[in-house]
Amino acid sequence: MLNTLSHGLRLVGRRSINAVWRMGSAARFMGLVLLRSGPSLRRFHLTIDELHFAGVLSLIIIIVSGLFVGLVLGLQGYETLKRYGSAEAVGTLVALALVRELGPVVAALLFASRAGSAMTAELGIMKSTEQLSAMEMMAVDPFARVISPMFWGGFLSMPLLAAIFSVMGIFGGYLITVVIIGVDSGAFWSQMQSSVDLRNDIMNGVIKSVVFGAAVTAIALFEGYDAPPTAEGVSHAVTRTVVTSALAVLALDFVLTAFMFTGV
Amino acid sequence: MQRTTLDLWVGIFVTAGVAALFVLALKVGTQAA
Chain A
565 MLNTLSHGLR LVGRRSINAV WRMGSAARFM GLVLLRSGPS LRRFHLTIDE LHFAGVLSLI
625 IIIVSGLFVG LVLGLQGYET LKRYGSAEAV GTLVALALVR ELGPVVAALL FASRAGSAMT
685 AELGIMKSTE QLSAMEMMAV DPFARVISPM FWGGFLSMPL LAAIFSVMGI FGGYLITVVI
745 IGVDSGAFWS QMQSSVDLRN DIMNGVIKSV VFGAAVTAIA LFEGYDAPPT AEGVSHAVTR
805 TVVTSALAVL ALDFVLTAFM FTGV
Chain B
37 MQRTTLDLWV GIFVTAGVAA LFVLALKVGT QAA
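So the protein sequences, as listed, match chains A and B.
When the letters of the first sequence are read in order and numbered with this note's numbering, they come out as residues 565 to 828.
When the letters of the second sequence are read in order and numbered with this note's numbering, they come out as residues 37 to 69.
If you're looking for bench data, these hints aren't it; they were derived computationally from the structure.
The beta carbon of each residue, even a glycine, is placed where N, CA and C say it ideally should be.
Be careful, since some hints might not be right.
[What the hints assert, rightly or not] Derived contacts from chain B toward chain A, CB cut-off under 8 angstroms, selection only:
#  : residue
1  : LEU42
2  : ASP43
3  : TRP45
4  : VAL46
5  : PHE49
6  : VAL50
7  : ALA52
8  : GLY53
9  : LEU57
10 : VAL59
11 : LEU60
12 : ALA61
13 : VAL64
14 : GLY65
15 : THR66
[What the hints assert, rightly or not] Anything over 12 angstroms on all C-beta distances counts as not near chain B; from chain A, calculated:
#  : residue
16 : HIS571
17 : GLY577
18 : ARG578
19 : ARG586
20 : LEU674
21 : GLU700
22 : THR803
23 : PHE823
[Unchecked claim] Counterexamples of contact, computed for chain A against chain B with all Cβ distances above 12 angstroms:
#  : residue
24 : ASN567
25 : SER570
26 : LEU575
27 : GLY602
28 : GLN640
29 : LEU660
30 : VAL731
31 : ILE745
32 : THR808
33 : LEU811
34 : ALA815
35 : THR826
Using the sequences provided together with the hints, build the complete structure.
What follows is the structure in structure tokens.
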């Protein structure tokens, strides 16, 4: 009995120490990424390559997903609001849901699955094949040459992807409710414009997407850099990136929402 | 991919993203009075 208790406590202690150690390691990693960002911003073509990798290559999934989310929101919103005789307010529902929550959150989850996992795999394989060590031996700093451009590419891509997602969603909502169902177009836009506020709704959504972009990219890069240099280690790191990013995005969304929309 | 093609795609992406932000600001939302 005492042995089992002691074993359990040791396990908790070891896991806590590991968690604190990893957090410290991640903080040091992010410090180095930011400190050595100078070259990646001076030689901006490195960051442009990563913008292409993280942003342009994620466009298709973001556009298609945004459109379908908008179509579903429009359909569900119309069916619900019709019961209360306020079907014209469907534009407000679609726009507020997208710019406040679904745009930044779903875009960040898709970004983590598409670009975040790819960043982790690329960095993990570079580490396991000793490409990072080879760069260091040639006096080329891997943080300045590889990791910082990846971070800035992901960080800059995310707000743009979230905005495109929201616009495509609103277009999907317009398509299903106005073009197909026949809700009045003027009512759809005017109700939306009278309810959606630039500062409180749209700017807060943009701030969320910036925070999610930084969090997802930082997690993806750290997991790749910290991955054990084996095939199994890299595959576990990719899985951890997707799971940790999803949890981080949802937890951060709650915290940011509490501060932004409830005045906590 | 050639440098110019890559630059073009990134340009299209950034323009689309900024245009989306403008659409949200001007067409979807209104400034508080």
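Status of the hints after comparison with the structure:
no. : hint   : result
1   : LEU42  : holds, 5 angstroms
2   : ASP43  : holds, 7 angstroms
3   : TRP45  : holds, 5 angstroms
4   : VAL46  : holds, 5 angstroms
5   : PHE49  : holds, 5 angstroms
6   : VAL50  : holds, 7 angstroms
7   : ALA52  : holds, 6 angstroms
8   : GLY53  : holds, 3 angstroms
9   : LEU57  : holds, 5 angstroms
10  : VAL59  : holds, 5 angstroms
11  : LEU60  : holds, 5 angstroms
12  : ALA61  : holds, 6 angstroms
13  : VAL64  : holds, 5 angstroms
14  : GLY65  : holds, 4 angstroms
15  : THR66  : holds, 5 angstroms
16  : HIS571 : holds, 53 angstroms
17  : GLY577 : holds, 47 angstroms
18  : ARG578 : holds, 45 angstroms
19  : ARG586 : holds, 33 angstroms
20  : LEU674 : holds, 15 angstroms
21  : GLU700 : holds, 27 angstroms
22  : THR803 : holds, 28 angstroms
23  : PHE823 : holds, 18 angstroms
24  : ASN567 : holds, 59 angstroms
25  : SER570 : holds, 56 angstroms
26  : LEU575 : holds, 47 angstroms
27  : GLY602 : holds, 21 angstroms
28  : GLN640 : holds, 19 angstroms
29  : LEU660 : violated, 10 angstroms
30  : VAL731 : violated, 4 angstroms
31  : ILE745 : holds, 20 angstroms
32  : THR808 : holds, 26 angstroms
33  : LEU811 : holds, 26 angstroms
34  : ALA815 : holds, 25 angstroms
35  : THR826 : holds, 18 angstroms
Against the hints set out earlier in the document, violations occur for numbers 29, 30.
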